[in-house]
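S.K.: Protein chains in written order, with our numbering: chain A, 264 to 704; chain B, 127 to 472; chain C, 426 to 732.
Just to be clear, a hint being listed does not mean it is correct.
[To be verified] Within a straight-line C-alpha distance of at most 20 Å, the following computed PhoX-like cross-link-like pairs (lysine-lysine) qualify:
id : chain 1 : residue 1 : chain 2 : residue 2
1  : A       : Lys468    : A       : Lys497
2  : B       : Lys245    : A       : Lys696
3  : A       : Lys704    : B       : Lys229
4  : A       : Lys432    : A       : Lys696
5  : C       : Lys512    : B       : Lys272
6  : A       : Lys449    : A       : Lys471
Worth flagging that the hints you see were computed from the coordinates, not collected in a lab.
Predicted, not measured: the structure shown is a model, and the values here were computed from it.
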Amino acid sequence: MRTRIRSPRRVAVLATVAALGAGLLAGCADDGDSSGPSGGTDAGGKTKITVGVFGAFGLKEAGLYDEYMKLHKNIVIEQTSIERSENYRPQLLTHLASGSGLADIQAIEVNYVAEITETQGDKLVDLGKAEGVKKDNFLPWKWAQGTTKAGKTVGLGTDVGPTGICYRKDYFEQAGLPTDREAVGKLWAGDWQKYLEVGKQFKSKNVKGATFVDAASGVMNAMLGSSAERFYDKDGKLVYKTNPAVRDAWDTAAAFSEAGLTSKVQQFTPPWDQAFANGRFATVTCPPWMLGYIQDKAGDAGKDKWDVAPAPKPGNWGGSFLSVPEAGKNKEEATKLAVWLTAPEQQAKLFEKRGSFPSAQAVYSLPQVSGAKHPYFANAPIGQIFTDAAKGVPVQPVGPGDLVISQNISDVGMLQVDQKGVSSEDGWKAATKAIDNALDK
Amino acid sequence: MTSSDARIAAPARKGGAALPRAGGPAGGGAAPGGAPDPREDRRRARRSRWYRRDVRWSPYAFIAPFFVFFLAFGLFPLLYTGWASLHRVELTAPTDMEWVGLKNFARLMGDDFFWNALKNTLTIGLLSTVPQLLIALGVAHLLNYKLRGSMFFRVAVLTPYATSVAAAALVFVLLFGRDYGMINWALGLVGIDPVDWQNGTLSSQIAVSTIVIWRWTGYNALIYLAAMQAIPADLYESAALDGASRWQQFVHVTIPSLRPTILFTVVVSTIGATQLFGEPLLFNGNAGATGGGDHQFQTLGLYLYEQGWVNLHLGRASAIAWTMFLILLIIGAVNWLVGRRLRKNA
Amino acid sequence: MATTSHSAALAETGTTGAQGPVGKSGGGKKKGAGRQLHAGRFTYAVLIVFTIGSLFPLVWTAIAASRNNTRLAQTPPPFWFGGNLFKNLEIAWTDANMGSALLNTTIVAGSIALGTVLFSTLAGFAFAKLRFRFKNLLLLLVIGTMMVPPQLSVVPLYMLVAELEWTDQLQAVILPTLVSAFGVFFMRQYLIGALPSELVEAARVDGASSLRVVWHVVFPAARPAMAVLGMLTFVMAWNDFFWPIIALTQNGSPTVQVALTGLGRGYIPDQSVIMAGALLGTLPLLIAFVLFGKHIVGGIMQGAVKG
Numbered sequence: 264m265r266t267r268i269r270s271p272r273r274v275a276v277l278a279t280v281a282a283l284g285a286g287l288l289a290g291c292a293d294d295g296d297s298s299g300p301s302g303g304t305d306a307g308g309k310t311k312i313t314v315g316v317f318g319a320f321g322l323k324e325a326g327l328y329d330e331y332m333k334l335h336k337n338i339v340i341e342q343t344s345i346e347r348s349e350n351y352r353p354q355l356l357t358h359l360a361s362g363s364g365l366a367d368i369q370a371i372e373v374n375y376v377a378e379i380t381e382t383q384g385d386k387l388v389d390l391g392k393a394e395g396v397k398k399d400n401f402l403p404w405k406w407a408q409g410t411t412k413a414g415k416t417v418g419l420g421t422d423v424g425p426t427g428i429c430y431r432k433d434y435f436e437q438a439g440l441p442t443d444r445e446a447v448g449k450l451w452a453g454d455w456q457k458y459l460e461v462g463k464q465f466k467s468k469n470v471k472g473a474t475f476v477d478a479a480s481g482v483m484n485a486m487l488g489s490s491a492e493r494f495y496d497k498d499g500k501l502v503y504k505t506n507p508a509v510r511d512a513w514d515t516a517a518a519f520s521e522a523g524l525t526s527k528v529q530q531f532t533p534p535w536d537q538a539f540a541n542g543r544f545a546t547v548t549c550p551p552w553m554l555g556y557i558q559d560k561a562g563d564a565g566k567d568k569w570d571v572a573p574a575p576k577p578g579n580w581g582g583s584f585l586s587v588p589e590a591g592k593n594k595e596e597a598t599k600l601a602v603w604l605t606a607p608e609q610q611a612k613l614f615e616k617r618g619s620f621p622s623a624q625a626v627y628s629l630p631q632v633s634g635a636k637h638p639y640f641a642n643a644p645i646g647q648i649f650t651d652a653a654k655g656v657p658v659q660p661v662g663p664g665d666l667v668i669s670q671n672i673s674d675v676g677m678l679q680v681d682q683k684g685v686s687s688e689d690g691w692k693a694a695t696k697a698i699d700n701a702l703d704k
Numbered sequence: 127m128t129s130s131d132a133r134i135a136a137p138a139r140k141g142g143a144a145l146p147r148a149g150g151p152a153g154g155g156a157a158p159g160g161a162p163d164p165r166e167d168r169r170r171a172r173r174s175r176w177y178r179r180d181v182r183w184s185p186y187a188f189i190a191p192f193f194v195f196f197l198a199f200g201l202f203p204l205l206y207t208g209w210a211s212l213h214r215v216e217l218t219a220p221t222d223m224e225w226v227g228l229k230n231f232a233r234l235m236g237d238d239f240f241w242n243a244l245k246n247t248l249t250i251g252l253l254s255t256v257p258q259l260l261i262a263l264g265v266a267h268l269l270n271y272k273l274r275g276s277m278f279f280r281v282a283v284l285t286p287y288a289t290s291v292a293a294a295a296l297v298f299v300l301l302f303g304r305d306y307g308m309i310n311w312a313l314g315l316v317g318i319d320p321v322d323w324q325n326g327t328l329s330s331q332i333a334v335s336t337i338v339i340w341r342w343t344g345y346n347a348l349i350y351l352a353a354m355q356a357i358p359a360d361l362y363e364s365a366a367l368d369g370a371s372r373w374q375q376f377v378h379v380t381i382p383s384l385r386p387t388i389l390f391t392v393v394v395s396t397i398g399a400t401q402l403f404g405e406p407l408l409f410n411g412n413a414g415a416t417g418g419g420d421h422q423f424q425t426l427g428l429y430l431y432e433q434g435w436v437n438l439h440l441g442r443a444s445a446i447a448w449t450m451f452l453i454l455l456i457i458g459a460v461n462w463l464v465g466r467r468l469r470k471n472a
Numbered sequence: 426m427a428t429t430s431h432s433a434a435l436a437e438t439g440t441t442g443a444q445g446p447v448g449k450s451g452g453g454k455k456k457g458a459g460r461q462l463h464a465g466r467f468t469y470a471v472l473i474v475f476t477i478g479s480l481f482p483l484v485w486t487a488i489a490a491s492r493n494n495t496r497l498a499q500t501p502p503p504f505w506f507g508g509n510l511f512k513n514l515e516i517a518w519t520d521a522n523m524g525s526a527l528l529n530t531t532i533v534a535g536s537i538a539l540g541t542v543l544f545s546t547l548a549g550f551a552f553a554k555l556r557f558r559f560k561n562l563l564l565l566l567v568i569g570t571m572m573v574p575p576q577l578s579v580v581p582l583y584m585l586v587a588e589l590e591w592t593d594q595l596q597a598v599i600l601p602t603l604v605s606a607f608g609v610f611f612m613r614q615y616l617i618g619a620l621p622s623e624l625v626e627a628a629r630v631d632g633a634s635s636l637r638v639v640w641h642v643v644f645p646a647a648r649p650a651m652a653v654l655g656m657l658t659f660v661m662a663w664n665d666f667f668w669p670i671i672a673l674t675q676n677g678s679p680t681v682q683v684a685l686t687g688l689g690r691g692y693i694p695d696q697s698v699i700m701a702g703a704l705l706g707t708l709p710l711l712i713a714f715v716l717f718g719k720h721i722v723g724g725i726m727q728g729a730v731k732g
């Protein structure tokens, strides 16, 4: 650092400056190659369509892009994935609001689909009018969720999350409960309170190392998904505070916690994953996408121990849509692709390969859906179980605050009750306070 | 863009050195002597004119690149944010503004979440900064001994600095796990009950502070070490002659000599602590920007983020940003006053 | 040029000036580095404990990356490497497209570091040694900028970048961070002490143009601080993720931190693969620290001396 040798220094400085220049050039060249996120035409005269998704959406993994590219030789599909939905949503909103940086097709999660239809509806292509789209193919409630108030369908449904209950047969046996999935389903059929009663029974048998459910908020979310109205009523009015269904879900979930039936872990955090691996949960409310999660987390140790039974009441938890931004460069080709990807045949393939449950009711009767069994879950007839559930899911109105409300109810209110032992009343107050603050513009 | 922007090295010597006469007499540089050739004269005049311009305008040329970029990418966003803070504006339509005056600021006064975040920022700031600097001071003191493998130690303590907040948070979330984390496991070995690092107020703040301390202590230690090595040895010698113990030497010679350095690190750490964001965000596992179920480790930076990027209220978030800015300005002013007092006393 | 030899001499003194802060405050190694008492066992013990604390989380990242989910969930946690390290690294490498991400990050961090160092030195020199109108006011502005919380400038910044149609291009993350108020302040503070005003004056009297002064006097004197600032800026730019994740996508030209956000398998994050990704993202810097640790530490200490 303190040498006096000058010329090598100068050479070094010049070299770095040159490198900087070259770097900038290279950077620009890079950008040229990828020709931006909005696609374009590459050297071979092919049209590039970009698809922006969160997590591993499954489209690529199921080979759907490859298939489409085989069918359409002039199309190249590229996917951008952001692992965490929390990072994806603000990015999507910023990009939509500014009309730049968008992929040709953007995925939307059900939690904020209403926010998108309400605030960004004019920035998205009306896919309802696109060629080859049949409204009747889709579940009516799914279709409604992707449609703006003005009747413009900007999001085509991909998967849905009809819920069942995953349970551990070995723990049920130890607790003296039935292990056959039909008998298990009958234990709580039609009433979440019965689920709670079974939990108390389970608890009284002191099964070592396991709690009845993972977290109180899991129960609450499943219950909320099974009510006719959740946070908004049919007129779009915010009713979460007065809706008895919400209160019922809250109270029941809190009762799970107060009865000591939970593991006091927060869903989708590393400790929750670890608890799966250690077989800590006897039951988990599970939509189809949860099956893969359990299989991955619980691993070989859980094989043949898990099974799936119907939930007390059919409900929906999760699911997504595809949309085409108006600002995209290849709107037409993108629309065609989005329509193709959400068409019944592709949804059936997606279910077969990835377990994402179709929102296209047209395929429920197909044998590869209705007859599907899951080997990890003791060959449970998941096709049948989830098809039944999907058909029973109520047409639930969605609203722009869905994400914020459900997040604060789960991660603030119910978390306090479940993990910190706060009383149900105080937890509710904390949740509503946080929600009021979050919704107040 | 990270909160650590200002946390780089300490600057060198403050104040001092008189300003040079940069605008010195223009003709001074011209070579004396030589034939009074008119062409030469003209050339000289031209050169001297050019020279005067050079002296006069070059300072602006030197600061220009910084200010050009700063105007475009620093000041514009700052002013925009200030403007947005006076409006109701949502992230879903950032150009759609509705004037609300000072409402966004006024409501912060009655906003429990804001005060909670301010309190957390303060406690986490203290919990992270004080131990960090004290440990750094101690480690620097030890590193100042004649050591075998001193370079190894110096490089080793600096390595956490190379780790991104994201990577660090990932590891610490696992280490601090309540049920299967290594720290609770180790505590269990010595008979301490597992701590709920995520949910307790103090425990979660300690955990978040630990990430900060881990990343920055070694770095600060090196800065202190550098300053310690610049302390004249005769100060110690005379102290030793006066019969001062090693501890007394440390207190009465080392610490006073390090005062400006310590002050600087305090300021830089304070700025970092006030803007603390990444660590509490990522310590929450995947559970968003609430800073825990009871907002127990939600800092101002995180609350700002929640308002802007989760709740999508740009106007309200802007008001929080500007409030943070003002708080920092006040801290800066206080620091300046304290610094002046210290310099006067010294 | 008649001044060649002279400027070489200047440069020489300039370099000496750069050593100044170390030397002047303590009078050189003899006295300044004085009081080098020999370390006792206690000192070693404490330092070793501290070193282990510093290194352990990194080592454990590698351990976690070499295991699988199931093992990570068990108590006691793993303390030694398992057999999955290379498998996980490979998955992370391909899934996150690490090759091009590393290249992009090197370009981004390198450009930002060079830009910051260059512009900060110029402006720092002007603020430290030159006279011009509104100097104090402008300096105050620079210092004030340091205190702006970075989270919120993201929205207007994104609107600007979108307007310029830079989304998803590397300049979107390079240019907004190309200068740093801290860098200017840092260089100013350093140069006030490290660059003797007489040198600048002497060069001026000699008829040297401003650029010559900068090249032959200022840069040599500022070298240690420039090296430190460059290194620190590089590390920071390398690890930045908040702005890049908004401005870039994985398909365009992602940086490492952006690429890592795509890791994990959808709803099913694999902790050990994510750890492997984190390790991959940190590794280049760690290797640099191991290889050049001596210089980096020396740089920080030299550039950070104060009195």
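S.K.: None of the hints should be skipped; say for each whether it holds.
M.R.: Against the structure, the hints:
no.	hint	result
1	Lys468/A with Lys497/A	violated (44 Å)
2	Lys245/B with Lys696/A	holds (19 Å)
3	Lys704/A with Lys229/B	holds (11 Å)
4	Lys432/A with Lys696/A	violated (41 Å)
5	Lys512/C with Lys272/B	violated (44 Å)
6	Lys449/A with Lys471/A	violated (25 Å)
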